[in-house]
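Once you've looked at the hints, dock chain B against the given chain A.
In the order they appear, the protein sequences are chains A and B. Sequential numbering of the first sequence, starting at 1, is according to the working numbering. Sequential numbering of the second sequence, starting at 1, is according to the working numbering.
Calculated directly from the structure, the hints in this document are not laboratory data. Glycine is no exception: its CB is placed at the ideal position from the N, C-alpha and C atoms. Treat the hints with care, since some could be wrong.
As the list claims (entries may be wrong) - Where chain A lies over chain B, by a calculated footprint (3+ residues, C-beta under 8 Å):
id : region
1  : 2-8
2  : 42-55
3  : 88-99
Said to hold, decoys possible - For lysine-lysine, the following BS3-like pairs were computed, each having C-alpha atoms within a straight-line distance of at most 30 Å:
id : chain 1 : residue 1 : chain 2 : residue 2
4  : A       : K27       : A       : K44
5  : B       : K56       : A       : K27
6  : B       : K42       : B       : K56
7  : A       : K62       : B       : K42
8  : A       : K51       : A       : K62
9  : A       : K44       : B       : K67
10 : A       : K62       : B       : K2
11 : A       : K71       : A       : K27
12 : B       : K107      : B       : K56
13 : B       : K56       : A       : K44
14 : A       : K44       : A       : K62
15 : B       : K42       : A       : K71
16 : B       : K42       : B       : K2
17 : A       : K44       : B       : K70
18 : B       : K42       : A       : K27
19 : B       : K2        : B       : K67
20 : B       : K70       : B       : K2
21 : A       : K71       : A       : K44
22 : A       : K71       : A       : K51
23 : B       : K67       : B       : K56
24 : B       : K42       : A       : K51
25 : A       : K51       : A       : K27
26 : A       : K44       : B       : K42
27 : B       : K107      : B       : K42
28 : B       : K56       : B       : K2
29 : B       : K2        : A       : K44
30 : B       : K70       : B       : K56
Said to hold, decoys possible - Facing chain A, according to a computed beta carbon distance under 10 Å, are these residues of chain B, among others:
id : residue
31 : Q31
32 : Y32
33 : F33
34 : M34
35 : Y36
36 : Q38
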Amino acid sequence: NAGVMQNPRHLVRRRGQEARLRCSPMKGHSHVYWYRQLPEEGLKFMVYLQKENIIDESGMPKERFSAEFPKEGPSILRIQQVVRGDSAAYFCASSSRQLAYEQYFGPGTRLTVT
Amino acid sequence: QKEVEQDPGPLSVPEGAIVSLNCTYSNSAFQYFMWYRQYSRKGPELLMYTYSSGNKEDGRFTAQVDKSSKYISLFIRDSQPSDSATYLCAMSANDMRFGAGTRLTVKP
Chain A
1 NAGVMQNPRH LVRRRGQEAR LRCSPMKGHS HVYWYRQLPE EGLKFMVYLQ
51 KENIIDESGM PKERFSAEFP KEGPSILRIQ QVVRGDSAAY FCASSSRQLA
101 YEQYFGPGTR LTVT
Chain B
1 QKEVEQDPGP LSVPEGAIVS LNCTYSNSAF QYFMWYRQYS RKGPELLMYT
51 YSSGNKEDGR FTAQVDKSSK YISLFIRDSQ PSDSATYLCA MSANDMRFGA
101 GTRLTVKP
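Bound conformation, chain A alone (with noise of 0.2 Å):
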């Protein structure tokens, strides 16, 4: 499958707790963006990665929310402290160019804070 891996698909949190999101992006593909989807709302862009750098975080919260795309491994979106309102489908989407109109995404990781 050289689709875009999400893991976990699910992941219960009690408030307090750390989530830590992974995102493989398909084979070839260098750019990495992150979105949050509320039930009955869009997608909203959260943060665009390339291998190593942050590009654009300008829809990622201030605090306790942090983004990296290492040389070696998966995208990871990690969510300190969780609360309530971290519930949601947070998904991974990936491209072979710095084109954000041809993106590929991945079935998404199920977050419940409870």
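Just chain B now, kept in the frame of chain A:
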């Protein structure tokens, strides 16, 4: 006003009907216009994209963009139950903005 407006529906049609899905937008800088299909509990899947104004056809799907009216449409001909999904419009200048999605059900 949201940058991208999309009627969330739900929209229910009989099999074989022509479906029309629409979005409006306010940012005239958008140049690329996309339609994604999202099945329940799955990630969005890119259906079609169009650059600037005009029409684009792919099988039963036709995308239209009218930049003068800031209005885009997706038409599905001969709709099938397998088309039942949420359809998201998206637009891009330097980054991507999505509509809220329209939930479509095609009844056999």
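Task: B:Q31 as chain A interface residue, shortest Cβ-Cβ below 10 Å - done: holds, 8 Å
Open item on the list: Next pair to validate is A:K27 with A:K44; report whether the Cα-Cα distance is within 30 Å.
Closed with: holds, 25 Å
Open item on the list: So if I understand the rule, the pair passes when the alpha-carbon distance is 30 Å or less; does A:K44 with A:K62 pass?
Closed with: Holds, because 15 Å separates the two Cα atoms, which is no more than 30 Å.
- [ ] Starting from A:K44, check that the Cα of B:K70 is at most 30 Å away, please.
- [x] Status holds; Cα separation ~21 Å.
TODO: Please work out if B:K107 and B:K42 have their alpha carbons no farther apart than 30 Å.
DONE: OK: B:K107 and B:K42 at ~21 Å, within 30 Å.
Open item on the list: Next item in the hint list is B:Q38. Is there a CB on chain A closer than 10 Å to its CB?
Closed with: It holds, given that the least Cβ distance between B:Q38 and chain A is near 8 Å, below 10 Å.
Open item on the list: Holds or violated: B:K42 and A:K71, Cα atoms, limit 30 Å.
Closed with: holds, 28 Å
Task: B:F33 as chain A interface residue, shortest Cβ-Cβ below 10 Å - done: holds, 8 Å
- [ ] Below or equal to 30 Å on CA atoms is what counts here, so check A:K62 against B:K42.
- [x] holds, 28 Å
Open item on the list: Hinted pair, alpha-carbon criterion (30 Å max): A:K62, B:K2. Please report holds or violated.
Closed with: Holds, at about 22 Å.
Task: Straight-line alpha-carbon gap B:K107 to B:K56, limit 30 Å - done: Given that 30 Å is the threshold and the Cα spacing comes to 26 Å, the pair holds.
Task: Annotated coverage of the region 42-55 of chain B by chain A, confirmed only when three residues or more have a Cβ within 8 Å - done: With 6 residues closer than 8 Å to chain A, the region 42-55 of chain B meets the three-residue bar; holds.
When each numbered hint is compared with the structure, no violation occurs for any of them.
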